[in-house]
Amino acid sequence: MASLDARDGDGRRASLLYDPTARSYVYQALTVLIVVWLIWQAWSNAAENLARANMTAGFGFLSGRAGFDLGQSLIAYSSDSTFARALVVGFLNTLLIGVLGIITATIVGLLIGIGRLSNNWLIARLCTVYVEVFRNIPPLLVIFFWYKGVLSILPDFRAIRAGVEKAKAADPTVGDPLFIISNRGISFPSPIFQPGFTAVWIALAAAVLGAVVFTLWANRQQAATGKRPPALLVSLGLIILLPLVVFLAAGRPLAFDYPVLGRFNLSGGGLISPEFLSLYLALSLYTASFIAEIVRAGIRGVPKGQFEACGALGVHPSRAMRLVILPQAMRIIIPPLTSQYLNLIKNSSLAVAAGYPDLVQVGNTILNQSGRSIEVIAIWMIVYVTISLVTSVFMNWFNAKMALRER
Amino acid sequence: MANRILAALIGAAVVGISAQASAGTLEDVKAKGFLQCGVNANLSGFGSQDSSGNFAGLDVDLCKAVAAAVFGDATKVKFTPLSAKDRFPALQSGEIDMLARNTTWTASRDSQLGFDFRAINYYDGQGFMVRKELNVKSALELSGAAVCVQTGTTTELNLADYFKSHNLQYNPVVFEKQEEVDAAYNAGRCDVYTTDQSGLYSIRLSLSNPDDHVILPEIISKEPLGPAVRQGDSKWFDIVSFTHYAMVTAEEFGITQANVEEMKKSANPDIKRFLGEEEGSTIGQDFGLSKDWAVNIIKAVGNYGEAFERNVGQGSPLKIKRGLNALWNQGGLQYAPPIR
Numbered sequence: 001m002a003s004l005d006a007r008d009g010d011g012r013r014a015s016l017l018y019d020p021t022a023r024s025y026v027y028q029a030l031t032v033l034i035v036v037w038l039i040w041q042a043w044s045n046a047a048e049n050l051a052r053a054n055m056t057a058g059f060g061f062l063s064g065r066a067g068f069d070l071g072q073s074l075i076a077y078s079s080d081s082t083f084a085r086a087l088v089v090g091f092l093n094t095l096l097i098g099v100l101g102i103i104t105a106t107i108v109g110l111l112i113g114i115g116r117l118s119n120n121w122l123i124a125r126l127c128t129v130y131v132e133v134f135r136n137i138p139p140l141l142v143i144f145f146w147y148k149g150v151l152s153i154l155p156d157f158r159a160i161r162a163g164v165e166k167a168k169a170a171d172p173t174v175g176d177p178l179f180i181i182s183n184r185g186i187s188f189p190s191p192i193f194q195p196g197f198t199a200v201w202i203a204l205a206a207a208v209l210g211a212v213v214f215t216l217w218a219n220r221q222q223a224a225t226g227k228r229p230p231a232l233l234v235s236l237g238l239i240i241l242l243p244l245v246v247f248l249a250a251g252r253p254l255a256f257d258y259p260v261l262g263r264f265n266l267s268g269g270g271l272i273s274p275e276f277l278s279l280y281l282a283l284s285l286y287t288a289s290f291i292a293e294i295v296r297a298g299i300r301g302v303p304k305g306q307f308e309a310c311g312a313l314g315v316h317p318s319r320a321m322r323l324v325i326l327p328q329a330m331r332i333i334i335p336p337l338t339s340q341y342l343n344l345i346k347n348s349s350l351a352v353a354a355g356y357p358d359l360v361q362v363g364n365t366i367l368n369q370s371g372r373s374i375e376v377i378a379i380w381m382i383v384y385v386t387i388s389l390v391t392s393v394f395m396n397w398f399n400a401k402m403a404l405r406e407r
Numbered sequence: 001m002a003n004r005i006l007a008a009l010i011g012a013a014v015v016g017i018s019a020q021a022s023a024g025t026l027e028d029v030k031a032k033g034f035l036q037c038g039v040n041a042n043l044s045g046f047g048s049q050d051s052s053g054n055f056a057g058l059d060v061d062l063c064k065a066v067a068a069a070v071f072g073d074a075t076k077v078k079f080t081p082l083s084a085k086d087r088f089p090a091l092q093s094g095e096i097d098m099l100a101r102n103t104t105w106t107a108s109r110d111s112q113l114g115f116d117f118r119a120i121n122y123y124d125g126q127g128f129m130v131r132k133e134l135n136v137k138s139a140l141e142l143s144g145a146a147v148c149v150q151t152g153t154t155t156e157l158n159l160a161d162y163f164k165s166h167n168l169q170y171n172p173v174v175f176e177k178q179e180e181v182d183a184a185y186n187a188g189r190c191d192v193y194t195t196d197q198s199g200l201y202s203i204r205l206s207l208s209n210p211d212d213h214v215i216l217p218e219i220i221s222k223e224p225l226g227p228a229v230r231q232g233d234s235k236w237f238d239i240v241s242f243t244h245y246a247m248v249t250a251e252e253f254g255i256t257q258a259n260v261e262e263m264k265k266s267a268n269p270d271i272k273r274f275l276g277e278e279e280g281s282t283i284g285q286d287f288g289l290s291k292d293w294a295v296n297i298i299k300a301v302g303n304y305g306e307a308f309e310r311n312v313g314q315g316s317p318l319k320i321k322r323g324l325n326a327l328w329n330q331g332g333l334q335y336a337p338p339i340r
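Heads up: the sequence lines are chains A and B, in that order. Read left to right, the first sequence gives residues 1 to 407 (UniProt numbering). Read left to right, the second sequence gives residues 1 to 340 (UniProt numbering).
It is worth saying that the hints were derived from the structure and are not from the lab. None of the values given here were measured: they were computed from a predicted structure.
Here are the simulated lysine to aspartate or glutamate pairs, EDC-like style, with alpha carbons at most 20 Å apart:
1. B:K85 - A:E375
2. B:K164 - A:D80
3. B:K272 - B:D292
4. B:K132 - B:D211
5. A:K166 - B:E133
6. B:K265 - B:E252
7. B:K30 - B:E95
8. B:K222 - B:D110
9. B:K137 - B:D211
10. B:K85 - B:D182
11. B:K299 - B:D73
12. B:K132 - A:E165
13. B:K265 - B:D292
14. B:K265 - B:E278
15. B:K78 - B:D50
16. A:K148 - B:E179
17. B:K132 - A:D156
18. B:K132 - B:D212
19. A:K148 - B:D182
20. A:K166 - A:D176
21. B:K164 - B:E218
Work the whole structure out from these sequences, hints included.
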């Protein structure tokens, strides 16, 4: 193409200066050079300023001893661990909040979004109030609201302890309660899997596989004969019964670690801290209000004729919604949904307001104990960009799968 | 040229370090006409803000004293309220000229962070506060407790070390702002509040029922609190350090806010030299200050003892005893090099 464009009327080669392809290459190369030069300048300037402030730079500090403890950790961590491990703990806590928050926000958002379109006046109004309230408050305030709210509503731990002590004094057979909801969090017996439990896991995997195979067979059967075997019932039965039978046969290889009321605090068992709970509720419910609006817009975007056609065929409205309307609405819903997911993950960096040890809070502590502002901020940015890009890529793949395939 | 400036600006923005004039901090402070001092805004006795926005406290008085030494006018100071987390970047970036925010002098802060510490205006140590009803007599009984602590402090590290070395379990509840820690402790989220002992006395007053809380006898760390400046400007470092030493020296000589004018006429050559009354002495000028720099400091905030009693001692609600902070010749650690 370029050679054709670059010839003048007589077919002679014109100057490269007027060749659009050559020119575009030159401009692109120049742009790249300028960007590289700017980055290099910024880098060398930073290094120079650091040297002038008698500070050192580099990521070597990450292998140093952290020296501080963290309130919640999914992996083994103590004050003897390294800064790098502390950051991993924070990163996992961020992922935990992100994944659980996204799942909850999607479910709540879907229900509220459909609810807003309900013919039931009360349900529709309640959903509208929910959306308008949560959507119009800054997320930081929502987190504060839940944290202070959760802390002040939950009963005081010391009062509960006093109550249990009293009951114990009256009747020595009384033990510590299994579940305790207090301002120290929600504690519950945590399972301990003994060696024999592996068989139960294998049975569960086999049951799930069996259920999938049966459902696929049921689908084909339905397509062939028009009659659908009871796939749901069989699958559920398989998934529940098979592991249960193996569990009993293996001699019940499961024990529980029960929470124990200590002099100050609870020990043993599992604990959901109020910090996690409030952040999780705040982010899920806040994002759900946006997702509700996206869902509503998606459903509204499906032509009215689709509802009417279902009605004419005598399809029950709830079936029509599930089988006809929602699948079409999904195509409109998914792209904006992605940005809400990204928002939720990014908003989780407000965790510091509720004292939840996420990546930013742990990073803040490290930044302070080691004085490495630039390095820690760089790590934050890289990690958040990576999480967001991965989420984005996944959602794009999902969108491509759901998109209308033209045949 | 324009590109150069642009690149410099971007570079500076990336690091948050403004390209500073090559002149020293003293010249910069004099040129802008006021001292920018980083302080605490929520620790009564050390640095706190009243309802009309005025700052007060022992650290705040040190800032005022430096302003008095430089300008002869203690009002030529502006305060930047800082959280524990923000204080170091604020000093590193040149946003403030000095940091007086109950900051512990440690080796790594001195070396790695690029600061200079010398004067110690309060000798402190970390302690624990618990509710009286828990009936705790010693920190060694605290195993299993939930502990409220502020992030980015030496407190957080001492806490981990202390509990580890005594084989005690605990559950840290960490916040970035002191107000958040206060609120969480007040709400019963944790059993123990730990920070510098002076801070505990101050915080106890702000709780809804101060008498329900006790401060345990253990002191688990050394916390020498003092002003910090950026490394590499020894002239400015000397001024800040010797402002504190001047306050201590004044107490030694018995010079107070009230009697400083009279003391100028003292027959004691040490006092005359200190107050800039000795013929031919150029101590003030050698610091880059005026001849009567010490007089200005004492007029502004009084001697160290006066500042102590007014802010944290018997003249304040905190009623902290002098203890380690008494003069060296009265059983304490406050000791100033001779000013001659």
